[in-house]
Amino acid sequence: MKTYSYFIPLFAAMILLPPRAASQPAIAVGGMMTANFISGGDAESSLRYNNGWPGFELVGDLFMTARISDELSAFVEVETWRGWELRIYNAALTYKISGARLQIEAGKFVAPFGNFLPRRFAPQNFVYSYPLYNDYRTGLTVNNTPGSNAALLDGRGKLHVGDGLAVIARNAYITGFQFFGQLGAVGYHLGLANGALSNPTNISENKRPMLFGRLHVQPAISLKLGVSFANGGYLNSALLKNTQPDLQPEKYGQTLAGVDVEYSRGYFVFYGEGIFSRWKSPSIREDLETLAFSAEMRYKILPRLFLAARYGRMNFSEIADSQSRAPWEFPVWRLEPAIGYHLSRHALLKAAWQINRTDRPAGDPADNLVAIQMTLFY
Amino acid sequence: MLLLNHHRFLHLSRTILLCFFAAAGPPARAQVGSGQLRGHIELKNLVYDNSRIVSKEISAIYQKNAAPAPPVYEPLNFVIYLDEISLVSPVVATAKPAARPRFVMDQKGLTFVPHVLPILAGSTVEFPNSDPVYHSVFSFSKTRTFDLGRYPTGRSKAITFNQPGLVKVYCDMHSQMNAFILVLANPYFTLSDENGNYTLRDIPAGAYKVKAWFARLPEKTATVTIRSGETTTLDFVFQ
Chain G
1 MKTYSYFIPL FAAMILLPPR AASQPAIAVG GMMTANFISG GDAESSLRYN
51 NGWPGFELVG DLFMTARISD ELSAFVEVET WRGWELRIYN AALTYKISGA
101 RLQIEAGKFV APFGNFLPRR FAPQNFVYSY PLYNDYRTGL TVNNTPGSNA
151 ALLDGRGKLH VGDGLAVIAR NAYITGFQFF GQLGAVGYHL GLANGALSNP
201 TNISENKRPM LFGRLHVQPA ISLKLGVSFA NGGYLNSALL KNTQPDLQPE
251 KYGQTLAGVD VEYSRGYFVF YGEGIFSRWK SPSIREDLET LAFSAEMRYK
301 ILPRLFLAAR YGRMNFSEIA DSQSRAPWEF PVWRLEPAIG YHLSRHALLK
351 AAWQINRTDR PAGDPADNLV AIQMTLFY
Chain X
1 MLLLNHHRFL HLSRTILLCF FAAAGPPARA QVGSGQLRGH IELKNLVYDN
51 SRIVSKEISA IYQKNAAPAP PVYEPLNFVI YLDEISLVSP VVATAKPAAR
101 PRFVMDQKGL TFVPHVLPIL AGSTVEFPNS DPVYHSVFSF SKTRTFDLGR
151 YPTGRSKAIT FNQPGLVKVY CDMHSQMNAF ILVLANPYFT LSDENGNYTL
201 RDIPAGAYKV KAWFARLPEK TATVTIRSGE TTTLDFVFQ
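Chains as they are written, first to last, in the working numbering: chain G, 1 to 378; chain X, 1 to 239.
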């Protein structure tokens, strides 16, 4: 799919379709283009960007919602990642069984987990990056199981790009179905999908479907609270058939539980999340657990100007080493202050400084980032 | 920030307005004899309100509370005003804040009410929140840039508009919400009724440029002569 033939019609559609929405009353179209300049350190780290080489990125998103009837609607989101690779992130049908109280959605949709995923887009994301639990790739991979505790521990603090698993995948779009609805101040989601949140897949890659759910409540106009859970299989068994035919992929599961809070008043907005993740890998004697926190705030100091910051931390459980016990990944935290300026209602410019710290014996790797982001949205 | 409920506030606003115009008296040129202008405004084709930013609504879609909205056409609110005269704004500018005209733009049912609000320069507009959800009113217009932040049901915040011009008003939390405040330099303006008819009264005799304003379309301008004691007719057509 790496071809410019997708790039050109996508952006042509972004430019041409919005005005035509007037003549297509049941369809609404929106789009977004984001240009990033990123420069970071070159140390061997899971948080390293582009081998330490500064670079530009261009990302385009196209959104379309269609109301087919009063009960049935469709939503599609297509993204070009770094300007050439086309990805269909969201393509789902929603049917209202009983108004807003009970609805069903089927297809590919964003996972209802925590409070960041619904606002992952640049205009709603106050800083540049995603939370640490989306960005930090561990030594666990989707297509190669660690042979022993020692093998996993040897990989700590090294570069785990590509197939390294984050607690929640950066683009956690899951394929399946869910029931959801709103009952007064309480909202709920419950469904089944393929894969796990650390490895959501379009088709079932293993014999373990993901069960997920979420409850959220708004006790006051300024306060939203939520709890989420998910349990699914994270292994891509198709990739393992040749090398490990006796593998039982259903035994490789990830369980997630999360709490989240949102508070806002005046010019101040706060988001907080706490996530517990447990991976099971039968060749490792203990469960591989992670505790992740994220706290984020924004304050508008002028109508066009805001200051923001996000702090994230991840701690990992200990597993048996040859002589003692050690965490299966080194503790890591990130602080990302940012400043944003609205050039217009449709254009946002942000600058962020990402400070990454990994507590490892060899010292903290040089993997800090500076990012400048410009977003145009319709 | 005033802590008034909506109905009390509307009543207070009307009272203040009446007091203001009673105190200020009619404009000086009205004393030499005045006439009135009336007419009809026609819009040939409906204009689509394309101000909604779908990409900003994505978050609402993910929260599963939203469905694609039906098409929204611009409400038929035409503002007719006399241009290139500024008779009253100096009076308003020197008035004490409490004596300045006050208007209300409510936030109700996830819309701004009214959708179009013509005001005299120097006037203050209250933005009460009558919805059970947060709103965050803002404008990046050069005429008046402001951001009122998030405030809950029953609260109101106010902004004074001293400079004539157009102010596009939005809600940072609900991208479908938009409205227009047209800040004018003199009191000779009016809003058309639902049939497109308008009447401007007590215009001092003389020759004027008359402008008809409609959101999302270029303004129309015409020249008219008002004669003392007479009614002049002037129609506009927007294509």
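Everything labelled a hint here was simulated from the structure, so no lab data went into it.
Predicted model, so just to flag it, every value in this text is computed and none were measured.
Even for Gly, the Cβ is constructed at its ideal location relative to N, Cα and C.
A few of these clues could be false.
Claimed, not checked - In silico negatives: residues of chain X with every beta carbon more than 12 Å from chain G:
(1) Leu148
(2) Phe189
(3) Glu194
What the hints assert, rightly or not - Listed below are the simulated BS3-like cross-link pairs for lysine-lysine, each with C-alpha atoms no more than 25 Å apart in a straight line:
(4) Lys241/G / Lys251/G
(5) Lys168/X / Lys108/X
(6) Lys209/X / Lys220/X
(7) Lys108/X / Lys224/G
(8) Lys157/X / Lys224/G
(9) Lys158/G / Lys207/G
Hints, verified against the model:
no.	hint	verdict
1	Leu148	violated, 9 Å
2	Phe189	holds, 26 Å
3	Glu194	holds, 22 Å
4	Lys241/G / Lys251/G	holds, 15 Å
5	Lys168/X / Lys108/X	holds, 18 Å
6	Lys209/X / Lys220/X	holds, 10 Å
7	Lys108/X / Lys224/G	holds, 22 Å
8	Lys157/X / Lys224/G	holds, 24 Å
9	Lys158/G / Lys207/G	violated, 31 Å
In this structure, the earlier hints numbered 1 and 9 are contradicted, and the remaining ones agree with it.
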